[in-house]
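Asks: Here are the chains, one letter per residue:
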Amino acid sequence: DQQVKQNSPSLSVQEGRISILNCDYTNSMFDYFLWYKKYPAEGPTFLISISSIKDKNEDGRFTVFLNKSAKHLSLHIVPSQPGDSAVYFCAASANNDSWGKLQFGAGTQVVVTP
Amino acid sequence: DVKVTQSSRYLVKRTGEKVFLECVQDMDHENMFWYRQDPGLGLRLIYFSYDVKMKEKGDIPEGYSVSREKKERFSLILESASTNQTSMYLCASSYYEKQYFGPGTRLTVT
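Taken in order, these protein sequences are the chains called A and B.
With the first sequence counted from 1, adding 6 to any position gets you our numbering.
With the second sequence counted from 1, adding 3 to any position gets you our numbering.
In isolation and in its complexed conformation, chain A is listed as follows (with noise of 0.2 Å):
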């Protein structure tokens, strides 16, 4: 049963707009959010994260944004570049696990097209 959900397997956008990813979860025990970015035979690299007491983290081109009420956030990066064609997953963490584990989305993979 998974606990954070990407609906979308698959986005595709122009250079230069914006790309908006989103992500659901259903344990009312999350309190810290992050992003991360996927490459080709690559692991993934973090790219942004969230805590629950706050409702939007801005870092350069990237914007991630935390609905709790929803149980719902999401990453806009703006503008899309080329380098952004990647997979994104979103992962949750819980305030009552104490080791830090983490628990993934399915992934959004993200092409940008010139």
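It cannot be assumed that every hint is accurate.
[Unchecked claim] One side only, chain B facing chain A, incomplete, derived with CB under 8 Å:
hint, residue
1, Gly45
2, Phe51
3, Tyr53
4, Ser97
5, Lys101
6, Pro106
Simulated from the structure, these hints should not be mistaken for lab results.
C-beta: ideal position from N, C-alpha, C; glycine also.
Chain B: place on chain A using the hints.
Replies: Frame of chain A, contents of chain B only:
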């Protein structure tokens, strides 16, 4: 910069073989993790370790075991490889919730 290395990038093994996947981190992290990544399923946790010689099962431990004899090294063992263990295997170490991943091992069991 945190560095997590994995012993092999690509590995081909036969059904029934014992397989060892090695992972080393250089940041003195307490916690280390083994995942497998499959299309449409994301990353699923196999085992993790929070200290030397300490281990806990993840979500899909069946058919796997682990070993952590030194803090920097975490090994994943497939006791008798099967074709359904063909996958990408990712090792990670963590500082609090932020996990740092190795490049992955693409394992094919024939």
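Asks: All hints are to be evaluated individually against the structure, with a verdict given for each.
Replies: Hint by hint, here is what the structure shows:
Of the supplied interface hints, the one on Gly45 (chain B) holds, with its beta-carbon coming within about 4 Å of a beta-carbon of chain A, less than 8 Å. A distance limit of 8 Å between C-beta atoms decides the matter here; for Phe51 (chain B) the minimum to chain A is near 6 Å, and the interface restraint holds. Annotation: interface hint on Tyr53 (chain B) holds; nearest CB of chain A at approximately 5 Å, less than 8 Å. At its closest, the beta carbon of Ser97 (chain B) sits 5 Å from a beta carbon of chain A; the interface hint therefore holds under the 8 Å criterion.
The interface hint given for Lys101 (chain B) holds, since its Cβ lies 6 Å from the closest Cβ of chain A, which is under the 8 Å cut-off. The interface hint given for Pro106 (chain B) holds, since its Cβ lies 5 Å from the closest Cβ of chain A, which is under the 8 Å cut-off.
Violated hints are absent here; each numbered hint is respected by the structure.
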